[in-house]
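**Q** Here is what each chain is made of, one letter per residue.
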Amino acid sequence: MSDSGLAIASNITLVLAIAAYGVAMVAYAFDLAARARRQAAAADAAPARAGTPALVGAAAGVAAAGELPGPSDGPGPGKPGTTITGSGGPAMPGGPAGPGGSVASAARTRWPASGWARAGFVLTCLGLASHVASITMRGIDEHRVPWGNMYEFIAAITCAAVLVLVLASARFGAYYLGLFVLLPVVLALAVDVMVIYTPAGNLVPALQSYWIAIHVTAMIVALGLYIFGAVVTVLYLLAARSERMAKAGGRPGGGIMAQLPGSQVLDRLSYRSVLFAFPAWTFAIIAGAIWADHAWGRYWGWDPKETWSFITWLVYAAYLHARATAGWRGHRAAVIHLAGFACLLFNVVVINLWVTGLHSYAGMH
Amino acid sequence: MTPGAAGRAAGTAARAGQLRLGPAGWLRWTWRQLTSMRTALVLLFLLALASIPGSILPQEGIDPAAVSQYYAQHPALAPFLARLSAFDVFGAPWFAAIYLLLFASLAGCVLPRAARFARSARQPPPRAPRHLDRLPQAARMATAAPPADAIEAARRVLARRRFRLRSADGWVSAEKGYLHEAGNLLFHLALLGLLASVALGGLFGYKGDRLLVAGQTYANTPTSMDVFRPGRLVTATDLQPFSVTLRRFSAGYVSSGPQRGEPAWFSASVSYTASYGGRPRGYDLRVNHPLNVDGVQVFLIGHGYAPVFKVTDGTGRVVFDQPVPFIPVEQSGLTSAGVVKVPDARPRQLGFAGVFLPTAVDVDGRLASAFPAPLLPRVSLVAYAGNLGLNGGQPQSVYSLSTSRMRRLPLRPVPLAPGQSIKLPDGLGRLTFVGYRQWASLAITYDPGQLPALASALTALAGLVLSFLVRRRRVFVRAAGDGSGQVTAVDVGGLTRSDAAGGFEAEFADLAGEIMRAIGGSTPAGPIAGEVAAVAAAKGE
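Top line first, the protein sequences correspond to chains A and B. Under our numbering, the first residue of the first sequence carries the number 1137, and numbering increases by one thereafter. Under our numbering, the first residue of the second sequence carries the number 71, and numbering increases by one thereafter.
Keep in mind that the hints were calculated from the coordinates and are not lab data. Remember, predicted model here, so these are calculated numbers, not experimental data. Here a beta-carbon is modelled for each residue, glycine too, at the ideal position from N, C-alpha and C. A portion of the hints provided could be inaccurate.
[To be verified] Just the calculated beta-carbon pair ranges, DEER-fashion:
(1) B:151 / A:1319: 39 to 45 Å
(2) B:150 / A:1144: 52 to 58 Å
(3) B:193 / A:1159: 56 to 62 Å
(4) B:163 / A:1330: 44 to 50 Å
(5) B:401 / A:1144: 27 to 33 Å
(6) A:1303 / B:99: 37 to 43 Å
(7) A:1467 / B:131: 35 to 41 Å
(8) B:150 / A:1319: 42 to 48 Å
(9) A:1247 / B:187: 40 to 46 Å
(10) B:166 / A:1169: 54 to 60 Å
(11) A:1467 / B:325: 28 to 34 Å
(12) B:437 / A:1319: 33 to 39 Å
(13) A:1144 / B:167: 36 to 42 Å
[Claimed, not checked] Covered by chain A, according to a simulated footprint, are these stretches of chain B (three or more residues, beta-carbon under 8 Å):
(14) 104 to 113
(15) 129 to 139
(16) 327 to 339
(17) 366 to 380
(18) 512 to 520
(19) 524 to 534
[Unchecked claim] Straight-line C-alpha distance at most 20 Å; calculated SDA-like pairs for lysine to any residue:
(20) A:1441 / A:1485
(21) B:493 / B:476
(22) B:493 / B:452
(23) A:1441 / B:132
(24) B:380 / B:490
(25) A:1441 / B:160
(26) A:1441 / B:116
(27) A:1441 / B:131
(28) B:380 / B:468
(29) B:493 / B:371
(30) A:1441 / B:134
(31) A:1441 / B:117
(32) A:1383 / A:1373
(33) A:1441 / A:1491
(34) A:1441 / B:128
(35) A:1441 / B:386
(36) A:1441 / B:371
(37) B:380 / B:354
(38) B:380 / B:502
(39) A:1441 / B:127
(40) A:1441 / B:165
Using the sequences provided together with the hints, build the complete structure.
**A** The structure is reproduced here in structure tokens:
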């Protein structure tokens, strides 16, 4: 059975998506580099003027509310909470000009300021459209949900991760994340296309159930959020490290890493992603249990895949508790977060490909 | 003695006092440790760690054959691991110890919290603090309205936003978001419910397997199951009286392309009777489409071929005429292995071991099956005569032949087509491969904890979402005149204890703006430090 026209079109659009993501990464990298250059130039000019710290402080205040990152090595975040103008400066004074909710709506969408970031964002959106088209065509070609084997699954979770990136970029103005989230996405897709590729085909009988649309879709959504959260957590650890070094009196680092927002913003963003991912993951496990009950006669049987999704759940639950425990916030919680993600990766890669169990559907022999 | 030394001495005395904890004190101390968040964290990690061997080592409850294989491969290590319950991790005492401790910790933390929550839900919010500018969120504004009017206006704004209110002269306290804690408690209590449901299934549920050749009937009793795993409190009379007959089994396979030979669908046509003497009804049993009868679920979990043999012994009597289930040894061609035991044959008992090939092909002189569907079915057998050893008192598997007291008969290994026979040497008789039937294996499960478990899990999920979406926050407003009766300074302060993901800043700014409009405040809002000047300027006018 050779691939039909639709299946071939699906393959081509996926490659186009990878290309778009790759070019978007370059644009995002140029954006960060341009900002690093501007920052360096400003730093050269700064020592002469005494008024600069106030300006930097104002920028940091805006950054904490979700705007583009100010220089993270500014003199403290300037306690943004003490102003009620927070993110929507001009909303308050003119009573009639600022209708209720204006502050919130001001924070809703932000178009990137720099041309490079705009280019990166547009390319990411184009890549995402191509990615979605690829998955859709494959599904139409196969007359089923297009996540029935490892190849399709990786295409789907990377798509979910990019979707989360696009939403987060637009919602929080977090365009600085583009480069870092697209990097693992492009790598995973490259491996997917070159090594794991499986031609379009039927589902094995065990997967022929409407539960695949519920259980696996929920898993894909959770995984997309988890991937995003893990990338942000890595960035958090880097930002926190450079802040610690700056506090210890070291020279604040420059370059691309210095263009990240304050560690607090990153910490909150990664936490927020888990707040969405964890219920999605919980739902996916419950849906899986219902399906397992339908298919195998028990809702929980400690199959390797089930066991590792349980372990992942526990570690992410530990992360949520750690954030509420004195002495565990910050660095330690971030490490637990990454441990949870490592469990997730182990489950998706090692268990899918090398451990035999009831979930052996990877379609690779 | 210097004051410092006195302090140190007092500290030492206090520590010595602590060391002399009575039994009740120790108990309290242990309980406090157990129910601390830190312990819960450690137990969560321990449980995760403890689960890992269960996913790496073969488990008795999941794949007993793999455990036997592990014993064969690691004869020294396996008994040691078995002593640690490593082949039954999820039933091991140490595993149970961890999760029971975790649940005890959970209960010890959540139950008192639930009681506190129930009390606090009936109490009004606390009084407004005196210095609102010390709160994480604060704003100051000025208005010409008298303090009482300003407070009333702020009250209305907060009431419209469904805050719970408490006010007195010159201030109002507002609180909202009790559902955050409610959701949190609901989640944790539901986990206790989940544990109880699992226990319910473990005590009163049962499961079993049964292989059924087309035409055979299964009655739901312990003895008619091949494997029966009852819950701890299940007796034979607890089993629901129903029966299932396998009428026909069929399967479809992918016939071309890279997935050639992979199954496309399975279907077992069964008829079942819900209770003895009831009317039989038909059902199409498929994977993902179980049969539900009397609250018991019947699943299709496997399939294979059962060649039918007819054996005539040396005396000319037909001593065997029935299908024999053969077990698949590989999936791509469904080559199946099995044995035929003919204990009634005379003068010698007869035994046969061999393979069934659904689509027999010759690969370099070796027989193999090229496709799982029965396109060219053949049977290839080796024959033995002698003593089957069935009377030794040792139970024997129907799938293996003990040939220690048997002699292999010299026969040319020719694959048989349906209808063909082999004549055994020395006048021992004749075997005919009559044809084949298909068999299906059924899993029979009954779990009374199933629905409670589902309800608990969904409740937990709802609680989780609730606690993540809702934040508990307090907003305070204070208004005070400057004495002239012309300018009123209004302070708004806010704090949240559970703003997990942020967002309260924006809500507070929004709320402060609305309050300012409601009280007719016209001064631009800003940091309190700057605003004092603004109010002072207003006074000067």
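**Q** Do the alpha carbons of residue 380 (chain B) and residue 490 (chain B) lie within 20 Å of each other, as the hint requires?
**A** holds, 11 Å
**Q** Has the hinted range 44 to 50 Å been met by the Cβ atoms of residue 163 (chain B) and residue 1330 (chain A)?
**A** holds, 48 Å
**Q** Do residue 166 (chain B) and residue 1169 (chain A) keep their Cβ atoms within the hinted range of 54 to 60 Å?
**A** holds, 56 Å
**Q** Compare the distance between the alpha carbons of residue 1441 (chain A) and residue 371 (chain B) with 20 Å, and conclude whether the hinted pair is satisfied.
**A** Judged against 20 Å, a Cα distance of about 19 Å means the pair holds.
**Q** Does the structure keep residue 380 (chain B) and residue 502 (chain B) at a Cα separation of 20 Å or less?
**A** holds, 5 Å
**Q** Quick one, are residue 493 (chain B) and residue 371 (chain B) close enough, alpha carbons at most 20 Å?
**A** violated, 37 Å
**Q** Is 35 to 41 Å a correct range for the gap between the Cβ atoms of residue 1467 (chain A) and residue 131 (chain B)?
**A** Given a distance of about 40 Å, which is inside 35 to 41 Å, the answer is holds.
**Q** Taking beta carbons only, do three or more residues of the stretch 366 to 380 of chain B come closer than 8 Å to chain A?
**A** Check passed, 3 qualifying residues.
**Q** When you take the CB atoms of residue 1144 (chain A) and residue 167 (chain B), is the distance between them in 36 to 42 Å?
**A** violated, 57 Å
**Q** With a cut-off of 20 Å on the C-alpha distance, tell me whether residue 1441 (chain A) and residue 131 (chain B) pass.
**A** Roughly 15 Å separates the two Cα atoms, so the pair holds.
**Q** Can you confirm whether the C-alpha distance between residue 1441 (chain A) and residue 117 (chain B) stays at or below 20 Å?
**A** Given pair residue 1441 (chain A), residue 117 (chain B) holds - Cα atoms ~16 Å apart, limit 20 Å.
**Q** Taking only the CA atoms, is the gap from residue 380 (chain B) to residue 354 (chain B) under or equal to 20 Å?
**A** violated, 31 Å
Going down the numbered hints, you'll see the structure goes against 6, 11, 12, 13, 29, 35, 37, while the others check out.
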